[in-house]
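Visitor: Given next are the chains, with one letter for each unit.
Protein chains: 2
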Amino acid sequence: MSSSTKRHALGIVGLGLLVAAAGSQITVTGQQSAALAIKEIGSMHVGGGNVSVTGAAMPTTAPAGRGSVPYDPNGDYEAGQMYVQYVKLAAPRAKYPLLLVHGGGLTGVTWETKPDGGPGWQMFFLKAGHDVYIGDAMERGRASWARYPEIYKGPPTMVIKKIAWETFRIGPLGSYQTDPAKRTALPGVLFPTAYFDQFAKQMVPMWGSNGPDIQKAYDALVQKICPCVIVVHSQGGNFGFNMVRHAPDKVKALVALEPSGSPDPAKVDLKPVMNVPTLVVWADFLEGYERWLEIRTNISKYEDALRAAGAVVDHVDLPKTGIKGNSHMMMMDRNSDQVAGVVQKWFEKQGLMK
Amino acid sequence: MSSSTKRHALGIVGLGLLVAAAGSQITVTGQQSAALAIKEIGSMHVGGGNVSVTGAAMPTTAPAGRGSVPYDPNGDYEAGQMYVQYVKLAAPRAKYPLLLVHGGGLTGVTWETKPDGGPGWQMFFLKAGHDVYIGDAMERGRASWARYPEIYKGPPTMVIKKIAWETFRIGPLGSYQTDPAKRTALPGVLFPTAYFDQFAKQMVPMWGSNGPDIQKAYDALVQKICPCVIVVHSQGGNFGFNMVRHAPDKVKALVALEPSGSPDPAKVDLKPVMNVPTLVVWADFLEGYERWLEIRTNISKYEDALRAAGAVVDHVDLPKTGIKGNSHMMMMDRNSDQVAGVVQKWFEKQGLMK
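Protein sequence lines, in the order shown, are assigned to chains A and B. First residue of the first sequence? That's 0 in numbering that gives the first Met the number 0, and the numbers climb one at a time after it. First residue of the second sequence? That's 0 in numbering that gives the first Met the number 0, and the numbers climb one at a time after it.
I should point out that these hints are in silico values taken from the structure, not numbers from a laboratory. Predicted model, so just to flag it, every value in this text is computed and none were measured. Treat the hints with caution; some may be incorrect.
[As the list claims (entries may be wrong)] Pulled a few chain A residues facing chain B out of the computed Cβ check, cut under 8 Å:
| hint | residue |
| --- | --- |
| 1 | Ala34 |
| 2 | Ala89 |
| 3 | Met202 |
[Unchecked claim] No farther apart than 27 Å at their CA atoms in a straight line, the calculated lysine-lysine pairs in the BS3-like style are these:
| hint | chain 1 | residue 1 | chain 2 | residue 2 |
| --- | --- | --- | --- | --- |
| 4 | A | Lys94 | B | Lys38 |
| 5 | A | Lys319 | A | Lys344 |
| 6 | A | Lys161 | B | Lys152 |
| 7 | A | Lys38 | B | Lys126 |
| 8 | B | Lys38 | A | Lys353 |
| 9 | B | Lys344 | A | Lys38 |
| 10 | A | Lys87 | B | Lys87 |
| 11 | B | Lys353 | A | Lys38 |
| 12 | A | Lys87 | B | Lys126 |
| 13 | A | Lys300 | A | Lys270 |
All C-beta atoms in this analysis are idealised placements derived from N, C-alpha and C, irrespective of residue type, glycine included.
Whenever a hint applies, use it, and build me the whole structure from the sequences.
Guide: Pasting the structure below:
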């Protein structure tokens, strides 16, 4: 048994080989591709509760294959819950599980296989040694959604492809066309534009009126699964900053990727979060988008307030570090592993790995 | 190196030990819990395409945190796609991947961790050596759903808890109460009734009018990921029988757990599916539910037609084999592994394992 093939408690061996579980010694011979040693894959719903609907009109509809019959929607529902799926390693290298929080109009799919079929951040961070939790916010994806106007206040917002193409900084304002061949992308953008329609299949309806309830479910999730480290994206930013404020003992670090909002720093006491380090990451092309520049300026004020309270806050503009071409969907861009590497390096610097 | 610790190409070693990848030899020493050797975890959307909406009214709503603004829903969407998530083993023992298809008002969560926190069929079949694919039907969960009446024909059906409690044969007809303490369960039922409301959090809206489009997405999925073996539940039954009919060369076997529907055997040619073996499984307590008895009788006619066409069809009424107490949600019942074992044994009998 050569020492080079003797491995101890590794979640993954990067080149060629397996594998192990806690407290084990493993010898592997032969040639093979890397594999992950997984303890458990699972999921749960967190938060929410019973809501009884009465007095709702009876539309005429029915389950598939049974014809059209009157359907009575009055009765009890569970509402307000969110969904989280987890992959636990046999031997994580990270001290805490990692929770990945998606942005607006999207679900946890954001972090899975990329629209172009390449591995997403879920695989990246599993391979880097993290237990990975991926949430679907209340009202999105597998979290389910509830009736309006009886439970939610009104109809959802549905993100049209033009908004995603232009707001997520894949193409310039005004460049979206229905015909993919006629769309103009930003010069040098690393989003795989040929797969934009595939990405658009991930988009789900969202309700502007549900913010407080979405937050409540995220806070319940933190109580359930943390201590943990959290990565948030876009609309997840505000939820993430609040998750930290509401449980500064449970959240060990926060990474905010282009957060689209934050609490008003003038209205919140940030002293309690002084021990939670934060990394804020911005991608490329913001200059062409007034709204994004405004958002970045607002978030910078929150960063300043965190620093004033004594917290570690690192701010990375990727282009300034030489990483150019990223869209708002940096976890789906062709160099997604490179961006994930920036985050992983920060985790290491913060002492979050064993 | 003792021979008892030398393992070859196993997806999992049940008692105590790991692990391996294809073509490898592994020696493990020390005590540890079982782990899975995973090659890849990922997901994709399959099917659907662009739909352009014009002339829709503009409601007043907005993303969280930005106040109430007019919102224009007109534009392009992707619609008609479904979602599938996969876990691929480093060294599967099964000859083909396994696709798990949920029932009405539900998503792929059906197969994950059970509402009581116990491991679900996903983990069972991974440990048994199958690559496992889990779908969310078009319109459900992470597949997303589309506007009505512009894209879907009308509003969804939402399953109230009373219907689930009584139709899924957890409690007798008329036994549901909002207060969990006041509900009456079927005597001896193995559904973990204390976790029924947790189960209800999994329920999602469904559209009776979408049947043909749901089928289309499932058929596209079969073309994408098969050859495979398919397990369907409840409403998934009809979709599964049709997946087999539409691709009898791609589907190597079908297991239908309490299928709620099938094609009309008088109207379809079943000769082409004669080489696809089918297992139909029914749980307990059907006698108290006229509708379920009627469904089982209808499905039996389809089974007879399959047999007449030359196909292998096995029909299992679990109580007749001594397995009593199962609800319609047999994959969530306390003895879910026992029921999965019946299916796994059938896979072995059909020569579907290496």
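Visitor: Indicate, hint by hint, whether the structure satisfies it.
Guide: Hint by hint, here is what the structure shows:
Nearest Cβ of chain B to the Cβ of A/Ala34: about 4 Å, under the 8 Å cut. The hint holds. Look at A/Ala89: its Cβ gets to within about 4 Å of chain B, closer than 8 Å, so that hint holds up. The closest approach between the C-beta of A/Met202 and any C-beta of chain B is roughly 6 Å, which is under the 8 Å cut-off, so the hint is satisfied. At most 27 Å may separate the alpha-carbon atoms for a hinted pair to count; A/Lys94 and B/Lys38 meet this at roughly 24 Å.
For the proposed pair A/Lys319 and A/Lys344, the alpha carbon gap of about 17 Å is at most 27 Å, so the pair holds. At roughly 24 Å between alpha-carbon atoms, A/Lys161 and B/Lys152 fall within 27 Å of each other, so this suggested pair holds. At roughly 11 Å between alpha-carbon atoms, A/Lys38 and B/Lys126 fall within 27 Å of each other, so this suggested pair holds. Among the hinted pairs, B/Lys38 with A/Lys353 is consistent with the structure: their alpha-carbon atoms are about 24 Å apart, no more than 27 Å.
Between B/Lys344 and A/Lys38, the direct Cα distance comes to roughly 24 Å. Compliance with the 27 Å bound is thereby established for this hinted pair. Taking the CA atoms of A/Lys87 and B/Lys87, the gap is about 15 Å. The hint holds against a cut of 27 Å. Of the supplied pair hints, the one linking B/Lys353 and A/Lys38 holds, its CA atoms being roughly 24 Å apart against a limit of 27 Å. Restraint check for A/Lys87 and B/Lys126: satisfied, since their Cα atoms lie roughly 15 Å apart, inside the 27 Å limit.
About 15 Å separates the Cα atoms of A/Lys300 and A/Lys270, which keeps this hinted pair within 27 Å; it holds.
The structure agrees with every numbered hint stated previously.
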